[in-house]
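Using the hints, position chain B against chain A.
There are 2 protein chains.
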Amino acid sequence: MRASGGEWLDSIRRRAARPRPGWTRRPARALTGCAALLALGWPVGPAHAAAPGLSDSQRKEAEFIYFDRCSGCHGALRKGATGPNITDEQMLKKALPELEKTIYEGTDAGMPGWGRTGEMTRDETALMAKFLQNPVPIPPELGLEAMRASHKVHVPIAERPRKPEHKRDIDDLFGFILRDVGKGAIIDGKSKELAGIVDTGFAVHIFRASATGRYFYTIGRDGKVSLIDLYEKKPQVVAEVRVCLDARSVDVSKYKGPKGDFVDKLAIVGCYWPPQMVVLDGQTLEPMKVISTRSSTYDTNEYHPEPRVATIVASHADSEWVVAIKETGMVWLVDYSDLDNLKMTQIAAERFLHDGGWDATQRYLLIAANMRDQMVVVDTEEKKFITKFETGIKPHPGRGANWIDPEFGPVSATTHLGEGLIVVYGSDPKGHPEHAWQIVREAETAGPGLFLKTHPKSNHIWTDATLSKEEGANQQICVFRKEDFEAGPNCWQATEHGKIVHFEYNKAGNEVWTSVWDKQGEIIVYDDKTLKEKQRITGDWLVTPTGKWNVYNTVHDIY
Amino acid sequence: MRASGGEWLDSIRRRAARPRPGWTRRPARALTGCAALLALGWPVGPAHAAAPGLSDSQRKEAEFIYFDRCSGCHGALRKGATGPNITDEQMLKKALPELEKTIYEGTDAGMPGWGRTGEMTRDETALMAKFLQNPVPIPPELGLEAMRASHKVHVPIAERPRKPEHKRDIDDLFGFILRDVGKGAIIDGKSKELAGIVDTGFAVHIFRASATGRYFYTIGRDGKVSLIDLYEKKPQVVAEVRVCLDARSVDVSKYKGPKGDFVDKLAIVGCYWPPQMVVLDGQTLEPMKVISTRSSTYDTNEYHPEPRVATIVASHADSEWVVAIKETGMVWLVDYSDLDNLKMTQIAAERFLHDGGWDATQRYLLIAANMRDQMVVVDTEEKKFITKFETGIKPHPGRGANWIDPEFGPVSATTHLGEGLIVVYGSDPKGHPEHAWQIVREAETAGPGLFLKTHPKSNHIWTDATLSKEEGANQQICVFRKEDFEAGPNCWQATEHGKIVHFEYNKAGNEVWTSVWDKQGEIIVYDDKTLKEKQRITGDWLVTPTGKWNVYNTVHDIY
Numbered sequence: 000m001r002a003s004g005g006e007w008l009d010s011i012r013r014r015a016a017r018p019r020p021g022w023t024r025r026p027a028r029a030l031t032g033c034a035a036l037l038a039l040g041w042p043v044g045p046a047h048a049a050a051p052g053l054s055d056s057q058r059k060e061a062e063f064i065y066f067d068r069c070s071g072c073h074g075a076l077r078k079g080a081t082g083p084n085i086t087d088e089q090m091l092k093k094a095l096p097e098l099e100k101t102i103y104e105g106t107d108a109g110m111p112g113w114g115r116t117g118e119m120t121r122d123e124t125a126l127m128a129k130f131l132q133n134p135v136p137i138p139p140e141l142g143l144e145a146m147r148a149s150h151k152v153h154v155p156i157a158e159r160p161r162k163p164e165h166k167r168d169i170d171d172l173f174g175f176i177l178r179d180v181g182k183g184a185i186i187d188g189k190s191k192e193l194a195g196i197v198d199t200g201f202a203v204h205i206f207r208a209s210a211t212g213r214y215f216y217t218i219g220r221d222g223k224v225s226l227i228d229l230y231e232k233k234p235q236v237v238a239e240v241r242v243c244l245d246a247r248s249v250d251v252s253k254y255k256g257p258k259g260d261f262v263d264k265l266a267i268v269g270c271y272w273p274p275q276m277v278v279l280d281g282q283t284l285e286p287m288k289v290i291s292t293r294s295s296t297y298d299t300n301e302y303h304p305e306p307r308v309a310t311i312v313a314s315h316a317d318s319e320w321v322v323a324i325k326e327t328g329m330v331w332l333v334d335y336s337d338l339d340n341l342k343m344t345q346i347a348a349e350r351f352l353h354d355g356g357w358d359a360t361q362r363y364l365l366i367a368a369n370m371r372d373q374m375v376v377v378d379t380e381e382k383k384f385i386t387k388f389e390t391g392i393k394p395h396p397g398r399g400a401n402w403i404d405p406e407f408g409p410v411s412a413t414t415h416l417g418e419g420l421i422v423v424y425g426s427d428p429k430g431h432p433e434h435a436w437q438i439v440r441e442a443e444t445a446g447p448g449l450f451l452k453t454h455p456k457s458n459h460i461w462t463d464a465t466l467s468k469e470e471g472a473n474q475q476i477c478v479f480r481k482e483d484f485e486a487g488p489n490c491w492q493a494t495e496h497g498k499i500v501h502f503e504y505n506k507a508g509n510e511v512w513t514s515v516w517d518k519q520g521e522i523i524v525y526d527d528k529t530l531k532e533k534q535r536i537t538g539d540w541l542v543t544p545t546g547k548w549n550v551y552n553t554v555h556d557i558y
Numbered sequence: 000m001r002a003s004g005g006e007w008l009d010s011i012r013r014r015a016a017r018p019r020p021g022w023t024r025r026p027a028r029a030l031t032g033c034a035a036l037l038a039l040g041w042p043v044g045p046a047h048a049a050a051p052g053l054s055d056s057q058r059k060e061a062e063f064i065y066f067d068r069c070s071g072c073h074g075a076l077r078k079g080a081t082g083p084n085i086t087d088e089q090m091l092k093k094a095l096p097e098l099e100k101t102i103y104e105g106t107d108a109g110m111p112g113w114g115r116t117g118e119m120t121r122d123e124t125a126l127m128a129k130f131l132q133n134p135v136p137i138p139p140e141l142g143l144e145a146m147r148a149s150h151k152v153h154v155p156i157a158e159r160p161r162k163p164e165h166k167r168d169i170d171d172l173f174g175f176i177l178r179d180v181g182k183g184a185i186i187d188g189k190s191k192e193l194a195g196i197v198d199t200g201f202a203v204h205i206f207r208a209s210a211t212g213r214y215f216y217t218i219g220r221d222g223k224v225s226l227i228d229l230y231e232k233k234p235q236v237v238a239e240v241r242v243c244l245d246a247r248s249v250d251v252s253k254y255k256g257p258k259g260d261f262v263d264k265l266a267i268v269g270c271y272w273p274p275q276m277v278v279l280d281g282q283t284l285e286p287m288k289v290i291s292t293r294s295s296t297y298d299t300n301e302y303h304p305e306p307r308v309a310t311i312v313a314s315h316a317d318s319e320w321v322v323a324i325k326e327t328g329m330v331w332l333v334d335y336s337d338l339d340n341l342k343m344t345q346i347a348a349e350r351f352l353h354d355g356g357w358d359a360t361q362r363y364l365l366i367a368a369n370m371r372d373q374m375v376v377v378d379t380e381e382k383k384f385i386t387k388f389e390t391g392i393k394p395h396p397g398r399g400a401n402w403i404d405p406e407f408g409p410v411s412a413t414t415h416l417g418e419g420l421i422v423v424y425g426s427d428p429k430g431h432p433e434h435a436w437q438i439v440r441e442a443e444t445a446g447p448g449l450f451l452k453t454h455p456k457s458n459h460i461w462t463d464a465t466l467s468k469e470e471g472a473n474q475q476i477c478v479f480r481k482e483d484f485e486a487g488p489n490c491w492q493a494t495e496h497g498k499i500v501h502f503e504y505n506k507a508g509n510e511v512w513t514s515v516w517d518k519q520g521e522i523i524v525y526d527d528k529t530l531k532e533k534q535r536i537t538g539d540w541l542v543t544p545t546g547k548w549n550v551y552n553t554v555h556d557i558y
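Listed in order, the protein sequences are those of chains A and B. Numbering follows numbering that gives the first Met the number 0, in which position 468 of the first sequence is assigned residue number 467; successive positions increment by one, without gaps. Numbering follows numbering that gives the first Met the number 0, in which position 338 of the second sequence is assigned residue number 337; successive positions increment by one, without gaps.
If we strip away everything but chain A, and leave its shape as in the complex, we get:
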């Protein structure tokens, strides 16, 4: 019988009470935090006669691995998104050895070789091949009551400090993901000191600063939201709640105007599973409203059972969250000013939406439809689709990068998951309509990467090559100059171990911070002007540092 949401949460609490796997285990296990919480032996339909048998424990093991390694691209229901459809119906068309090989070796189409990278053993790839020929287990739903059961306010609002209990500049704090230990590090942007480490969900995807900058919200891949109060003497989780079984996005309400003062009043979480978004009280994380994303694809108008929430950004100009729905290719503008009479605009865009952010004026959302190799432009003022255009193989802008090009005026840019390419396009339809949403420049980077970053006060655009399979390329940083983009990047090897991933400026816009993503990771701080290394932050606590966010830049969406 299917576990109800309540039973599921009880089960989570029981499991969470068990000792967590530490670094003595292989990464593949250390990463299974959320999967371990999720794997309950979900109900499955009858297997095809040709499906290989699996024991209960094998099935659970495979469910662990699937959620860790596969569901991000292929979806919980295996119907495909960034990766192809891998339901049993499809997988039974292939022979087991062929499937095993694909899982072990990967493909040129972007499938990682999980065996080759050491993240799965031969036994595990063999197990996964069999698992994929079996029917898809259906994960449970999660409603308000079950969410409320997981809701904890560790420090009630009345007991929180009225002003900062420390001398640090809150605006210049950084939040760092310590991905594989389910923790976050708060680091002082001025002194580079560790201000504190907090427990978060597992494999946190992002930090978002609240509109005032007082709080950080983190969202774990396991759907756990943590509210971190930066006023406390040591940064502290003051509330938490689990609202999804799988999640990637969180944001806060930023609007203040005729419709009301919503600054830090509400938060929103975007779930992968169940396919829904959840509105929370911004100060206590109490779940308030569930908005299902189950709906039809923008083009063929077919029902999709698993439209996942990719990215959420909060409007500065209106009481709206901009929510990208991956599988259906829709951008939903969700007006949070009246949750009981909820207004939405559902904008047909392109499949499959991934991440994106604002142009410099914060009017246009620029978002990747990465399986269509396109960038999509949505006008949040007129609340409509503007255009989409091809850039390269799987554009991945993160939140993006905006600057003034000497020739083309205001431009924006993206890197690519599928090739070492930065593509620059005009993003000033008013001042430079002839270049708006047209590609104006492109250049090679060190290899397929995840992020690029700049700052209005900087002359530089920083790019990583995290996904490169070439020896050493993923340890490189390449920096372009706005003044002379065509001269090509200045590249260097920044680390001898791990991979370079993600950049963030300090508040002043004169330093760039990046991560050496490794079991024992590092943070490197560069002088943005000279590109010289200023400092390396190390420590036992620096386990798998990945994304990082400066409070000021995140509050104001400076990128």
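FYI, nobody ran anything at the bench for these hints, they're computed from the structure. Warning: the hint list may mix true and false statements.
Which copy? The list can't say, so a pair holds if one copy fits it or any two copies do.
[Said to hold, decoys possible] The list that follows gives simulated cross-link-like pairs (lysine-lysine, DSS-like), each with its CA atoms no further than 30 Å apart:
#	residue 1	residue 2
1	K383	K288
2	K59	K129
3	K189	K59
4	K162	K468
5	K100	K518
6	K342	K429
7	K429	K258
Chain B alone, transformed into the frame defined by chain A:
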């Protein structure tokens, strides 16, 4: 393997080509048109060990009957709505003889006794009891491509007449449902002549006149929409399409104003299954957009897999359809002015929404949440929930009735499915705020009924007692006087056979038309002033007449 939408439609076409059951068969069979089209042996999960076995042909037979008799109240997924949850999990808690008895005899809670009324045999109630202890078959989805395959334009727009090809007053035509033969009759309101009979979907639920009054749209329970052109010499179906497997509602776009001229440009169908609404070209019925209703309940915010579209009404003042979503208890205002950048307001109301209509100003939607014994008021101008209040056992206003009460000013009213009761409430928050949405009068009718009706030019309110189980009560009509409501109704027996159901005024507002719902039915036309019978319309063609709509009154929402 599950049938795809395309395969399903092929199957429909094959089945539709077979001779249709005529009146030589029992009603239970004659009604199975849509179920016959639907029953494809949908995929089911593994049965509980205790579930009684069913052969494939028994399962199909039971699926037929279930869709005909049970799904309206219990839902395709059997999770309950107007009736309780009857999934196998619940039904296995009961013994088979107990279940059989309930199905055969009915209950006081409103469950019809299908054996008692002669609509199921002992064998059939025994079969249904077993069927309910087996897992729920999941009906297929239906996307745009599959819908398009069923789309037929019999008369292209260019070939349609430019003006009426007959001398009848189009505004005074009536559309009559001939429920059990899948046909519609168009009758001349002046001469009382039969203008023509057209093929429609099975068990049509409603006719809606287009905004200009030129067309009638009908929606069959089988999800088939028919566009009937009243300009043709004989009324003719000029286009048809099947967009649901089970449906109840259809409407047209009526708005003309700053956002554009949408008069008759678009139509919308509300489906029961798949849970969705579908926007069509208003002139050709070409399917354009599918909007899923799968979403969370308004109160507990739990995901519901089958939120059915109950009622749709078209706003006269804005480019919006007002769509009631039954299971989630939400009213969605769907703005059709830009389908690619679709604006919606989702208003939390009450479960389970059924039917309703406008107040006299056409600003407020008054709709029944009939399992909560409440009427709900939604303000479509401010786009928000106003209030809800208890009236009686299962209010059922149809579209409702609006008049001026000598003491309380503008009022509206509902009858009830669960008791012979008419309840009157103030509906003029501006002029009579002290009575607005307050019950001001109530009175007994002949018994539990379906409809009430009045007209601005009339002094009368007409009520039926169609659902009464008392001998003869469902053959009565009771009429109240607006001037002296408290004097009680004038009631009389209007027929010796069948049941009286549903009223409609002619265009002038001086005649009331009602149906004798029987295999060989009749139409009775009354003089509204004297309550005297003016004419009885009979004929071989008058098979199971039920609902009827006058073009003028439907265009202008006069009730």
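Results for each hint:
1. K383 - K288: both (25 Å within a copy, 17 Å between copies)
2. K59 - K129: within (13 Å within a copy, 34 Å between copies)
3. K189 - K59: neither (47 Å within a copy, 73 Å between copies)
4. K162 - K468: neither (48 Å within a copy, 71 Å between copies)
5. K100 - K518: within (27 Å within a copy, 67 Å between copies)
6. K342 - K429: Cα proximity of K342 and K429: in one copy and across copies (28 Å, 26 Å).
7. K429 - K258: both (28 Å within a copy, 25 Å between copies)
The earlier numbered hints that this structure contradicts are 3, 4.
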